[in-house]
Structure formats: structure tokens, C-alpha cells
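**Q** If you're matching positions, the sequence shown starts at 1 in the working numbering and goes up one per residue.
Pairs of lysine-lysine, BS3-like flavour, derived with a Cα cap of 30 Å:
hint : residue 1 : residue 2
1    : LYS20     : LYS66
2    : LYS521    : LYS538
3    : LYS84     : LYS66
Label pairs and their calculated CB-CB ranges:
hint : residue 1 : residue 2 : range
4    : PRO421    : GLN134    : 28 to 38 Å
5    : ASN9      : GLN474    : 52 to 62 Å
6    : ASN9      : PRO312    : 40 to 50 Å
7    : ASN549    : LYS516    : 11 to 21 Å
8    : ARG666    : PRO421    : 31 to 41 Å
9    : GLN474    : ALA642    : 51 to 61 Å
10   : GLN367    : HIS295    : 41 to 51 Å
11   : LYS676    : GLN625    : 15 to 25 Å
12   : THR44     : SER301    : 27 to 37 Å
13   : LYS675    : PHE72     : 52 to 62 Å
14   : ALA8      : HIS280    : 21 to 31 Å
15   : PRO128    : PRO312    : 45 to 55 Å
16   : ARG291    : VAL315    : 22 to 32 Å
Just so you know, these hints were derived from the structure itself, not from any lab.
Since the model is a prediction, treat every value here as computed from it, not as a measurement.
No residue lacks a Cβ here, since even glycine has one placed at the ideal position from N, Cα and C.
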Amino acid sequence: MKATLFSANQKAQKTIEMEKLVGLIRDGYKEKQVAALREELRYTIPGVSVKEANQLPVVYFCSTVKKQNGTFVRDQYNGLVLLKINNLANRNEAKNVRRQAAGSLQTMATFIGSSGKSVKIVIPFTLPDHTVPQNDTLIRFFHARAYDRAAAYYREELQQQIAVEENELDAACRLSFDPDIYYNPEALPIRIEQPWETPEKLPVSAPSPAVTDPLQRLVPGYERSRIVSLLFENSLRQAMDATGYRKKDKDIKPFLTCLAENCFRSGIPEEEVVKWLPVHTHFRIFEAEIRTTVHNVYCLSSGFGRKPCIRPEQVLAFQADEFMKRRYEFRYNNMKGDAEYRERKSYYFNFFPVNEQVLNSISLNAQEEGIPLWDRDVKRYIYSNRVMHYSPIEEYMLELPDWDGIDHIRRLADTLPCNNPEWRNQFYRWFLSMVAHWNGLDRMHANSVSPLLIGRQGCGKSTWCRNLLPPELQEYYTDSIDFSNKRDAELLLNRFALINIDEFDSVSPSHQAFLKHILQKPVINARQPYKRSIQPLKRYASFIATSNNADLLNDPTGSRRFICIELTGNINHAIGLNHKQLYAQAAAALRNNERYWFTSEEETAIIRNNHQFQQIPVEEQLFFQYFRLPETGEQGELLPAAEILRRIEQRSKIKSGIRNMALFGRLLLKNNVIKKHTKTGNYYHVIEI
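Can you make the complete structure from the sequences, with help from the hints?
**A** Written out as C-alpha cells, the structure reads:
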């Protein structure tokens, strides 16, 4: 197994074997620099960077990297996930966390970080066949899911908070020094199925036993160090405001006394006050005076922790967060575009939409517990980044079993009785495309082809279309779309997974151009209801259509978008449909990089098959009734399109609906009528019968 070691300035890199990398950490390759960093961090406010950190090399575990055209690119992905546990109290706690992490069979390596108060854990992941993906898109999906799985496991196992990475695939750490680093090259890799989408992030906090620390009861759900930091900074601000103390003041005694009293009433232990004040560099020179003053105030005061220096708004926010996580589960459904909820420890396992009644009920439940939470506060919490995003399609695809090797997709296609031998292969390709676009494998194009089932009424077309989706995704199927309302029609591309254009022949010719537009629209740029701005929305929807009539295609240029199939009998719905295996087959095919788009040859075959379903306009039929094309050597006439149409109307006594001569001209050209362009316009070579 190999990783990548970058120089401190990250301008050079080299590939390094894991055994050698572990040796560098164990033997102290950068021991002096790490020691200097740890010493400086003792006097640095948390979150502030120090120059010593920039003198250490950077380790990139999950891939080997090479330089190409002046930039770094991924060379080989290895499936290693790096987890970070930060903000530990001291080195002893870090050692304890490292020891616990080393007890897991899945841990390949774990060591104390360069700060001395963090622990890094390296975990291997593979696909079920013991390989890892190498396609960039699949790597991104795989690593994001692997990181989430590893974080969830070690968070529960270690009872510690795992650091959240903005991009897990770019997670790296500084080269550390830890003579007791744990390394197990035979660690058991965690096997997961190939995901098909990047999972949304769920804000989580480390689970904890019964809370006995009064500070943690005051601010539930927060790490103790963060609580102390919050209370101390509030106490510091109040002391500065009360005494008017500023940096240039020479008399520090009134300020220190006021600060110590605030910290005492806030319940901050004496040693914590002495430790936190010198973090601000201005106070380091007063360390002896600080210790003496704080000690005296703590000896003379009473009422420890009875009046914390914390704003009521902060207390309410902490109480609300703890209440919401204890009583409810929330999620934001990306496809529905709204929040959903369910109560914990109830008999209802489904999620329900959040509405005004729900907001009021949650507010009343909170008030019964003594938390002054109003419906507006509940709404503010639910529609914030504290609620995870949920993708039902992604969830379904992740739970699929291994494919059993049976061709379920073509078997499903064969349940439609027809005389088109290419139908089963065309449906297979369309089905792969539907699943691929659900999972965002091609964000530049949409699944722009739609099967079009033609058969008599009552033969089971609509039922067959609905059954394409599994029961878990049935609410993301619709057969109701209004092409006259363009905005709503476009929003349906984000809301539904499959749209059935029922009674396709009822779509008016004026809507055909818009239909062709949304068939091939990859991204929706629209303003959702009750939203203020236009945002790009992911398209999920694929299309399928049904009709009772065979002559239904009136746009020759768009016929390649429809796989027309005429049914010769009733559809057999008695055959059992295994949706899990149906989609597992599609997932396996896409994982093996099988093509999910139609080639130009396949599109030509679709167009050729669709000729029999093409509508012939009345004007075209009348043209061949009163005109013909000249044979070789025949003189004929050169007539403008308007004159040809006028003669047709005059002889047939039928008023044409065409008023745009360009449309009629295209109709003539489609039938191979020779056109001659002159100064006065286009003329067509015809013979009137």
C-alpha cells in the first residue's frame, strides 16, 4: 500500500510505502519541528494557525499523486480513509483514544497528531470484490460513502467527535512524531457497495453517557473544552465592559478581580481560568499576578456556578438543539424540496411532512419541558444546516443486494408483446441511462430518450409504466404533467424519478418544441415555490409515454427521442418483478462501465422504426393528390410554396392551417422536392396533376 508525502510548501511530492511512512512517524523524522509546534500551541488560541505547522510535510493517504503539466493529479486510488479526532484535552487523552482505536480489527494505522492533542486513524475500504474504483466520479462517490461509514463506526466505538472534512477525498495531515504509532498491515478492510451519489452530510455529535458535569448540563451536546471557552470569553467580555479595561491600562487589579468573580459565578474551575487567560498574549507577563488574584477571589467567593456569564439566547439555542435531537428525527428531502420528520421512540416508522400543525405541536412539547421554544424557533431550526439532506434514490441504490447474474431488465422488456426484435435491447439501454442519470454519472446530458408504448385501451400500459419503480420510490412517479405551464413542468424534473406522458397523442403540436426541450434538459434553473432566488436543481426524471393511437409523431426532427413500440396484445402482469435485482443489475452494469447511451447507428434504427408512427399532415397528403415530382427530362413548373398551397386549397376546398410558408417549404423538402433559390425567393420544381 502506498501513500503520498508532500513537502512542507506542497510544491513537491513523492510516493512512499506505508511501512516507510510509519517508520518516519515512529523514528521522529521531524521530531524537532513537531516539538516546536506543540510548544507554541500551548500559548495559541484554538483555531489560530501557527508558522511551525507550515514547516511540516503533509501526508496524503488515500491516493498516490503525480505531477502532470505542472499540476498534481491522482495516479492511483487505494481506498484508505483518514479520520481525525481533534481538540482532545491533553496527551494522555490522546494516548487513550489511540489505544482504543488500535483495538479495532479495521484500523490499519493510528497515531497522535502533530499538535499532541489529536489522533489520526487510517482505515482501508474496498468493494465486495476486494477492488477499489479507479474512475474519478466513482472514486468520489465511493470515498465519500466510505468516510461517512468509518466516521459513524469510530464515533460510536470511541465516543469521540470525528472532525468534519469539507472534501474527504482531499483529507490529509501533517507528518507527526509518535514513537508508539500503531500499524497493522493485515487490517480487515471494510467492504461497501459502490455508491452512486455523494451523500449529504448529517450534523452529528459524539454520543455520551449520563452527564454529571454541571458545565455540560448548562450547554448540552457540546464538548467540555468548548463550553469552558465560551463561558470564559463571555466572562472576559463582561469584565472588560464593567471595568473599562483596555490594553494600555497599567492597573490590571480591578479587571482581574472582576474577571475572576465572573468565572467563579459561571462555574469555571480555578485552574481553567489560570490556563485560559494567558492564551491572550497581552496577559502572559501577568501570569503570577493572575494566579494569585484568581486564587484569592475563589477563596473569598460563594455561589460557585450559580450565575453563568452566558446570554439567554445562547442557552435557548443549546436547549433547543438538545431537545430536537432527543425527541425527533428530521431530514430535508432533496426531491420533495421540503423537510420531513418522525418522533423517536414511537410506533410510526415513516417520515411525515413538516407543516404548520407539526411546528405548533413541537413548540408545545418543548414548552411542556420548560423550554421557551416558539413555532418560529422550531421552523428556524428545521430549515437550517443542522438537519441532514436526504436523497431517496441514493438511499435505495445503496441498499441493493449483489446482482444474481439473471438478465432481469430484458426479461421485463419481454413482458410487452410486440413485433420489434430490437425492443429488448433498446429498453435495456434506456433503463441503464435512467439509473445512470439518477446517480449523476453524466451531468452534461439528460436521459433524452423515452419509450412510447402504443396499444389499445385497457391492455395495461400505464400499470406497466408505474411498476418500473419499486414500492419504496412509488411516490416519485407521476403521470400528470402540464406542458402549458412551463415553469411547473420543469420543476417536475427535480421532483420525480419517472414521468409518464399519458395519452401522448393529446400533446398539442404547439407544445412539441417544449417537450423536446425538457427531454434533453440536464439541469433545471428555476425558482422553487416560496424561494427568493433562481437556483440550479438536479434533474432526476426520465420519461416514458403511452398512447392508444399509432399515428402520433408529428415532428420528424425529434423522432429519435422516442422508442415507439406497438403492443400486439395484453401485457402479462402475472410475472413476478424483483425490483431489487432489476436495479442491482443496472448498478452492476454501470459499475463495469457499460455504455448507457445510444450510438448514432442505434438512433438511426430508432428513426427507421418510427416511420410507421409518423403523422402525415393534411397538406402533405393533398400535395401528392394534386402534384407530383417531375421525372428525368420533364419540364414541370417552378412555383413558390405560397402558390402551391393556394392551388391545393382552391382545388380541395380545404383551408390549410399552415400560415408560415417556411414550414410548408420544409415539408416539401422532406419529400425530396427540388428547390431553386432566386432573387425573389425559393421556387419548387413540381408538376400539377
